[in-house]
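Protein chains: 4
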Amino acid sequence: MSYRFQKLYEEKVFKDPVHRYIHVRDQVIWDLIGTKEFQRLRRIKQLGTTYLTFHGAEHSRFSHSLGVYEIIRRMVDDVFSGRPEWSEEDRLLALCAGLLHDVGHGPFSHTFEKIFNLDHEEMTREIIEGSTEINSILQRVGVDFPKQVSEIIEKTSTNKLVTSMISSQIDADRMDYLLRDAYYTGVSYGNFDMERILRVMRPRPDGIVIKKSGMHAVEHYLISRFQMYWQVYFHPVSRSAEAILLKILQRAKYLNETGYHFNYVPVHFGNLFEGNVELDEYLKLDESVLLYYFQVWQEESDEILSDLCQRFLNRHLFKYVDFQDQIHSEKLVELHQLFLKIGINPDYYLVKDTISDEAYDYFRYGEEDGKKPILLLFPNGELKEISRKSELVDGITGKKLSDSKLYYPHDLIYNEPDETRKKIIEIIEEIAGAKSR
Amino acid sequence: MSYRFQKLYEEKVFKDPVHRYIHVRDQVIWDLIGTKEFQRLRRIKQLGTTYLTFHGAEHSRFSHSLGVYEIIRRMVDDVFSGRPEWSEEDRLLALCAGLLHDVGHGPFSHTFEKIFNLDHEEMTREIIEGSTEINSILQRVGVDFPKQVSEIIEKTSTNKLVTSMISSQIDADRMDYLLRDAYYTGVSYGNFDMERILRVMRPRPDGIVIKKSGMHAVEHYLISRFQMYWQVYFHPVSRSAEAILLKILQRAKYLNETGYHFNYVPVHFGNLFEGNVELDEYLKLDESVLLYYFQVWQEESDEILSDLCQRFLNRHLFKYVDFQDQIHSEKLVELHQLFLKIGINPDYYLVKDTISDEAYDYFRYGEEDGKKPILLLFPNGELKEISRKSELVDGITGKKLSDSKLYYPHDLIYNEPDETRKKIIEIIEEIAGAKSR
Amino acid sequence: MSYRFQKLYEEKVFKDPVHRYIHVRDQVIWDLIGTKEFQRLRRIKQLGTTYLTFHGAEHSRFSHSLGVYEIIRRMVDDVFSGRPEWSEEDRLLALCAGLLHDVGHGPFSHTFEKIFNLDHEEMTREIIEGSTEINSILQRVGVDFPKQVSEIIEKTSTNKLVTSMISSQIDADRMDYLLRDAYYTGVSYGNFDMERILRVMRPRPDGIVIKKSGMHAVEHYLISRFQMYWQVYFHPVSRSAEAILLKILQRAKYLNETGYHFNYVPVHFGNLFEGNVELDEYLKLDESVLLYYFQVWQEESDEILSDLCQRFLNRHLFKYVDFQDQIHSEKLVELHQLFLKIGINPDYYLVKDTISDEAYDYFRYGEEDGKKPILLLFPNGELKEISRKSELVDGITGKKLSDSKLYYPHDLIYNEPDETRKKIIEIIEEIAGAKSR
Amino acid sequence: MSYRFQKLYEEKVFKDPVHRYIHVRDQVIWDLIGTKEFQRLRRIKQLGTTYLTFHGAEHSRFSHSLGVYEIIRRMVDDVFSGRPEWSEEDRLLALCAGLLHDVGHGPFSHTFEKIFNLDHEEMTREIIEGSTEINSILQRVGVDFPKQVSEIIEKTSTNKLVTSMISSQIDADRMDYLLRDAYYTGVSYGNFDMERILRVMRPRPDGIVIKKSGMHAVEHYLISRFQMYWQVYFHPVSRSAEAILLKILQRAKYLNETGYHFNYVPVHFGNLFEGNVELDEYLKLDESVLLYYFQVWQEESDEILSDLCQRFLNRHLFKYVDFQDQIHSEKLVELHQLFLKIGINPDYYLVKDTISDEAYDYFRYGEEDGKKPILLLFPNGELKEISRKSELVDGITGKKLSDSKLYYPHDLIYNEPDETRKKIIEIIEEIAGAKSR
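Residue numbers (this note's numbering), protein chains in the order written: chain G, 1 to 437; chain U, 1 to 437; chain W, 1 to 437; chain C, 1 to 437.
If we strip away everything but chain G, and leave its shape as in the complex, we get:
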């Protein structure tokens, strides 16, 4: 039998706390899981620095990727299979795309990408199409297969149905991460009835639609997403850790550029600092490697690098106040100067962080660049956008989500304050008082 359809002699089962079991019957999937590029995801946390706020959130992108695969598998095998709108030929494509959609993520992904000007989606494409173990497995399925898979993930495929299974307002990716992040953080907000949603999904050429009878389950899912953003993903303490992380990498890059002599040379970052990235090198980077450097850099003579690394590892984070650009921009300039005056480099110790709209893809109907709306399928075959039927979705549609905070090292300012520090404190408390959220 061709490799594409080859089944394992016995189904393999992974125990999973979120989906109970993850079932693998396809040889191709089993082989992909065994590749070193996929195993590397075990060393990259799903939620980056969030474990410093929610200590339970120590789960990896490996677990999440298996979870997305399993959801896709249930869609296909339990719901779509046998329906005229579904083609069994797309089955393996959907499974592989689900499994591999995050394979290009780097350590502490968002921050890392920002500093080194990388794009994990681009890296995912390179891993799938480049010279890797994953590629050679996908090649065995068909010479065009790697490209087909990466096009699904990149959303450039003409196969809109399979694309929508991975990337849409209600896709396998979001469903897994909401459930999984809720499970590991321990917050109850992310629980919705996925089993119900799967059962009311129907394949259509332009993407998945939802039977009208499942509307309330979808409402619940959308609200869960809304709450998880505020409760977990935008949590100011995790962002404080992220700010420090950003500054560590920024400092290391700067030191490298300015010829600083490292005791512990960042060999792993060589080309990255130059703005280049080789796939091979990239794949060697994981969070244990970064943490190793932070560990040893605590002993570097550069005080900023050393201090920031200590802060990150020992969780001596920055504190924060709410910040409003329109009101506080002058105060920020002033703080900048006062920091300089007391010898604290504001480029590293005064960090404004805005969680922008772009980072948040909550459902906004009608926006051109938005994700496709969720369509309800009525018994008579009609399709209607959900916010037209659901008062709840209507109520939250278009709600803007954004949050700005100013981070600073409380300890360096408040412990034994001199005159300048007292002035800084005064300004910070003014900012804090302006907005009480």
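Simulated from the structure, these hints should not be mistaken for laboratory data.
One or more hints might be untrue.
Where chains are identical, the list cannot tell them apart; a pair therefore holds if satisfied intra-copy or between any two copies.
[Said to hold, decoys possible] Computed list of lysine to aspartate or glutamate pairs in EDC-like fashion (alpha-carbon distance at most 16 Å, straight line):
1. Lys211 <-> Glu10
2. Lys147 <-> Asp90
3. Lys211 <-> Glu85
Starting from the structure of chain G, add chains U, W and C where the hints point.
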């Protein structure tokens, strides 16, 4: 107010998926959690290599330590407080001992200790009594306080009641890890009704006893333990990863001793390889550091070291067969020689692993070195050992738990087998056939 | 010690699937639970006819009443106790009011009250203040105590704080029933983090307020309520059963008034049919009594009564279509006449049911007769109404909830349709087509 | 298409708190659920008087029957389907037998059967084979089909595989009731991993066997059963209520036999009191009818009947002491006489209740009349009885479960005790002291 009794201005709360919330009111506890020695536990997994079998088990000793603390806190504040047998003076001692009981663990603790002849209990003592942030906090409570805490953890204290809260057949440590490991692996075996057990615990000078009405909850807990051992802690696949880990460290040590020139010098292991360990150095060791070395050692020219590191990181584990010493010892000798013949070093590639009785502390009544039995408290004040009242406990008391496996690199033997390999395969299959468990 | 403060020798514990345990320490509470008026609540289902839609929802008002008591107990003992704004003297008052708030409910309460022009709140007052076992227990606490308790339940008390614990936008009653109804129906919508909400509640003279940090938990609770209404409480199938129930009682009353000779005389309804109700008689009525009559009335010679009873017991319910008053009132008149023409009495077989706004107490800010708004307490002591801070609550505030359905006996119309029936079918399908929800 | 294979146009789904959803695709199953004989099960509690101990346990045999059906459906459709050892022809037989296995139960079944010398299995047969709605549906499948179904339920069928799905050491009936009773009582003991067990079940001609890899899940299930018996099914308080129930029925029967003039004539019991039972009459009996009689009989002039009914409805139960036949038989005689002396009829007020071995079907290997053992299927095809491989099962095999209690009306003896009563108290306390369990 003295530091010992100082309360936080507002209670701090950690969201915990197992206990829902972890409550901190004491300044001392808050300060201990903030130390770098305690934060280091975030970088040490609770279950070592188990995440390679149960992918969800990525939780750290940090989470577990908070959990043990919380259980102790509930015992004290919700159950013991106000009872004549309980002295409020022991409260902080119990809380600190619970929080810190695992602070001396190293990366992949069991394996690490075996190779470097270390003892995490000894390291715990050093961290508590040595020159550390933890020690200076405990010192502020009282000059003898660090010693009191470490004596509780070492079971040398005369305070048997507090000792039994951390170390006994049914202590806060075991209760947390069973619940937590069950939660993160996703197996259902470890769930028992801890809330019920806490409510029926009563303090007595020689240790905690259990009200008779809680017998069934205790039965359930003991059975959970029994099943978790077989299902999770003795899992042969995790032990395969552990075997490889052991061999990596053994090889690195050997190479160091024999003057091998490392591309990536194991500076962190300097003194360890010599058999010495400095507290400072030890505290720098965590699992990200080990994983970093395994990462870079993949490129060492020593083929054994490089191969074993690849196996560990990419989860190319050894396969196994059940092994019985009485029957198979000659076959093992034979295999040893056949391995040599085909150029595979049996010292690294043929590993017999026995999980011995000692590793397993399941309840065995009456054994001198055993843990103290669980005593039931009857309404009339009488105390009886539980297996005399519970048919279920009686049924499992004294059941021996041990398991021997022989691990080997299936790929090197079964792929393209020559004559010698065929002989090896024959022997392995004979061993496998002898015992079907 | 006075009866008011008398404690049980040993705490009594009820195993409860929703709150795990319900703890009783007060002799008064224990005695109240043992009264026959309270035990009667075991024979009245919490959700009336809902079990005919969600078969799991077979729980009684007894369970719910214990649950409300337990939530109040946790508020008082775990959160309020010791705070200056809380008076320990109100403790027993709050506990008793929580326990007894539903004690006046009759069988299938809403329908029953409608037909017999009763008010369960009035009955509650009579049970508490009249000649009952409950009253004599409350009397022992203090002669005015029964009145104090019933004033809390009736919302006429000057003690606004205790009143708000039982009756407000976020009270113990609502919290228990949302969690409990979700648990027993098996829908996941009603789950919110009650433990969190309890921890952020603060007593104030005018009622409970919520610490700002608990806003997201309250959002979750409000959304749960929103969804439970649509998913469970307004479920059209349960309302079909309720419509039949209403018509059974209406028919029996009519038959009684018109001198019909019952084979099974409704002795239990004697005075009720006359518009009077004696407390003694009322207390004998529970759902087993009603079901007994429905059982025997299946054999009455009156065909309408007999048929309706069979429908209810064997779950041969009416079917329904959505109905809009503005559009369909003429059609209803027409249907009425067509029903008469084929000999089906439309007074019993054509039922328009509108779930009105009044039945639904979802949060609407600013309406005069609305429940008091939920106030958030900021760190600086300020209080703000929640929809001003929460985008989510703002989004759903003022959403109108109402639903109209027309119920009819599908079997009598669609099986072997003649000309008139075909006309009826045509009209029903026109109505159905007009609105697709 | 023949009725046997007729599918619903759209799958029907019941929300179930235990199995999440119950799926019905077969017209036959849908029709059976709609019969009045099956709907009657809504009015019979699954656990009889247990709700008086565990207030949450108000669930009906209707819910349980749907649950058993669903488990069978999953076995067949998700696990057995397509395997050579399974014949699709048996599918409907298994589903119907699962759904209907308990349809013959009466109100408060065990007690009822004891008094009226009935057997619910016999009644089940009559309902399936007699003149009922259920029978006419089964007839449409095939003239022999009703008989085939009842033979499966009665364990007289030659189809041992399907029989074992309903009746064996690990069947759908037991799995549903353990999970369901645990859910509704709220005790945690009954939770085991049913999904896992289903996945390792394999059909064999003589009955279901279990793949070796599922051994631990089966251990967990067996232990759950063990604990549920002690914790829930043998609970002495529920048995007290059962004792009173028994005595009510015994008294009513006696009064009827001795010509007592009932105010509320027990018309529903007419033939039952004579020792006859007509199917029609039997089907009219449900728990609401019994509770109705208990309600009205509170006002009968016979003091014993009236008192016992009040006790049952208002939960004024008998208290109990442990009782040992070998030791206490003389004391029982003495108590009997003392009761007579103070005018309390010991035939109704002094009840020895022994839960005998027969009631308890815990696994005992090798006993001739025992249930068939659980067989493990090894990779090589070998079958071994589980207690030979599992130390845990071996440990509990053969443990005898039985419990004797003596019930008496504490209030009538202890309130204002005279000399005789003091003597009674003395004896009771002697008995109580003899055995401390």
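Now for the hints, and whether the structure bears them out:
1. Lys211 <-> Glu10: Between copies only: 13 Å across chains, 35 Å inside a chain, cut-off 16 Å.
2. Lys147 <-> Asp90: This pair counts as within: shortest intra-copy Cα distance 14 Å, inter-copy 47 Å.
3. Lys211 <-> Glu85: within (15 Å within a copy, 37 Å between copies)
No hint from the list above goes unmet by this structure.
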